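Trainee: Residue numbers (our numbering), protein chains in the order written: chain A, 1 to 392; chain B, 393 to 721.
Bear in mind the hints are in silico, worked out from the structure with no lab data behind them.
Note that the structure is a prediction, hence the values are computed from the model and not measured.
It is possible that some hints are incorrect.
[As the list claims (entries may be wrong)] Taking lysine to aspartate or glutamate and the DMTMM-like style, the derived pairs with C-alpha atoms no more than 20 Å apart in a straight line are:
1) B:Lys-601 - A:Glu-387
2) A:Lys-111 - A:Asp-167
3) B:Lys-703 - A:Asp-281
4) A:Lys-4 - B:Asp-647
5) B:Lys-703 - B:Asp-508
6) B:Lys-642 - A:Asp-2
7) B:Lys-707 - A:Asp-281
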Amino acid sequence: MDLKYSEEDAAFRDRARAWLKDNIPRESRPAHGDAIARFDRDWQRKLHEHGWAGLNWPREYGGLGLSEVQQVIWYEECARAGAPNYINTTYIALMHAGPTVIACGTEEQKKYHLPRILSGESLWCQGFSEPNAGSDLASLKTTGVVEGDQLVVNGTKMWTTDGQFADYQELLIRTTHGSERHKGLTWVICDMRTPGITVQPIRTMMGDEHVNTTFYDNVRIPLSNVVGELGSGWKTAMSTLAFERGTGFIGDQLALYERVNQAIVLAGKTRLEDGTFAIDDSAISGRLALIKADTMAIRSMTLAQISEIQQGSNPGPKGSIMKLMVTSTSKALSHLVAEMIGWTFMEYNDNKNDYPLTYDYLWSWVYTIAGGTSEIQREIIADQLLELPRAR
Amino acid sequence: MYLALDSHEKEIANAAVTFLGKEFPLERLHGEHRDSNRLSEFSKLGWLGLSAPDSVGGSGLSIVEEMLFFLEMGRIAGPVGVLTQILAVAAAQSEPDTCRRLINGEAQVALVVEQDSQGKIRLVGDDNAGYALAVSPRSATLFELDISACREVPCLDRSVKMYVGADSALKPVVQRPGDEVWLKAQIDVSAMMIGIAERALNMIVAYAKERQTFGRPIGAYQAVRHPCADMAVRIEVARCQLFFAATAMKEGQADAAMQIDAARLVAERAARENTDSNIQLHGGIGVTDEFSAHLLLKRANLLWRLLGSSKINMKSLLEPGGEVTKERG
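Start from the sequences and build out the full structure, keeping to the hints where you can.
Mentor: Below you can see the structure in the form of structure tokens.
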């Protein structure tokens, strides 16, 4: 084992740090409306113009093809500099759709979509979950019927994050009539401007509208938009989910480190009801120290995982361990901060930028539910890592 | 930057598994039989001089290999005396003769686990210990010990002997200033706690595949599967942090002591909660003397007390980090 960075990696860190220092936006990201997408596109365009787009994409598709170590360095520097969170309206395009098109798409699909994703010109959303197919994704019912050179789609998708801003959607539908479970599904690129699509916002308990229900009423999609084979959409979809559970959340894992340090500073200047500083309260400091230890351990786990990837092993169920750990630690942190700040916590106006600490508290449940609930992650660990008998 | 075992490190880990896995089944700890330190067996194979310099008859390996050895020692609830002996070698490194006698097991050492301001001491060790070792963040001291002046008291973990007495039984021989031995001790004990946590998981997973209730193996129920998954998470988190911390110490990284503090906290949680879940998920058989689950619980209790309360590890973690540059937006 070896914790030293090569000269090349150290030089990369210096370059990233210097560029971020001069280029991160001065204003914070808007909390509501179209301004959100504008902000994200602008940042992505800037990253692209200066050669920082598609860190993990292969060079032949316009990415940087960075080693995992350099990806970690980039995200650490972003967190350190307070750069915009990369989990934004460009996330699905850059971290899901793009990599899927690279893995399973046709030359034409690659040529059209990949440059537009990298430059921030096209934003994507995901169309996987349905009202009755969340954790059990394979029970999805939205159908696509082949008519000539088109698929005619009918049904409903749910939890479409940022669907109101998206130009395209990665859509998973059932194209074989009467098929069950993982069979007979198709992964298709859906242009969100196609007639018959209605996007209806879902207001969340945070008071924002980042998720939607999407309705499809005889939506006609060209068959040339199918990614992978017609009927083998599950295979195509799994290439993205494995990606998300592997390295897709590296930035979040590392950003947690900054959040904990900020909480420690806050605890040093926040007085409790009895007048003592929060950091001097043994109940609070004990929890905070353990959260800090977990955060350091998450960073170590990130480095261990990328080292194992270098050895050629697939993160597999260890990605589920990572998701469980990152989301539960993040939840513990935002809840501890909420307790620490007393009544100030109750001041909230549905605006993340005005009251970030209350927002983080509410967001913690989104975190432990979205992208595979904590319960589903435990099932994956029980099945794949511990090989316990299955009841399902 | 590489945080997975290289081929040399794997070799050491495998050597430890081969020796300990074969010679030290958990069954040896049942009944009234005490697990004697069996120091000569460890000494013969060179484990006591694992990380001591060649000049005193050691193997000159690093804290990383030492950590890998103690992970395996944890899995078999190995003799605590071996830890004391290895730490004593590190404490006595300025005295080659003493070191040699410690490495070949001729001089035996008990560990001072408690020492109060009134001069009362508590030791974990053997009745033929002629030396005692006290380790703190400031120094490590090897004493001559008059064990006959101490009184044996019964210990919850029957595989060790425990003594109380007065510090007049201790006569300083050699002191090593600084935190080097303390940090080693933290890593070694953390490794053993993770080993115990792993053994607990293996025990319940094996049982969950076999034991049937309501016509199914209990491992098919989420009430059992999910706590098992949580056990696996605690282990993975603690293992990765310990690997990082041991490597940071080996390389002399500036934040090594803080990394070790974090490793101790997460390792202790893994030992504490996994030995608990193991008993609970076994049901009735889990609380019987005949079954081995309680041995892991008792050993875990010994280990997390061995170096004092982990409160001491929290201080460095609560220092404001230097990386705070901007409020989050």
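Trainee: Each hint should be assessed against the structure and marked as holding or not.
Mentor: Hint-by-hint comparison with the structure:
1. B:Lys-601 - A:Glu-387: Since the Cα atoms of B:Lys-601 and A:Glu-387 sit roughly 9 Å apart, the hinted pair holds (cutoff 20 Å).
2. A:Lys-111 - A:Asp-167: holds, 17 Å
3. B:Lys-703 - A:Asp-281: holds, 13 Å
4. A:Lys-4 - B:Asp-647: holds, 13 Å
5. B:Lys-703 - B:Asp-508: holds, 17 Å
6. B:Lys-642 - A:Asp-2: Distance ~9 Å between B:Lys-642 and A:Asp-2 Cα, so the pair holds.
7. B:Lys-707 - A:Asp-281: holds, 13 Å
Checked against the numbered hints above, the structure breaks none of them.
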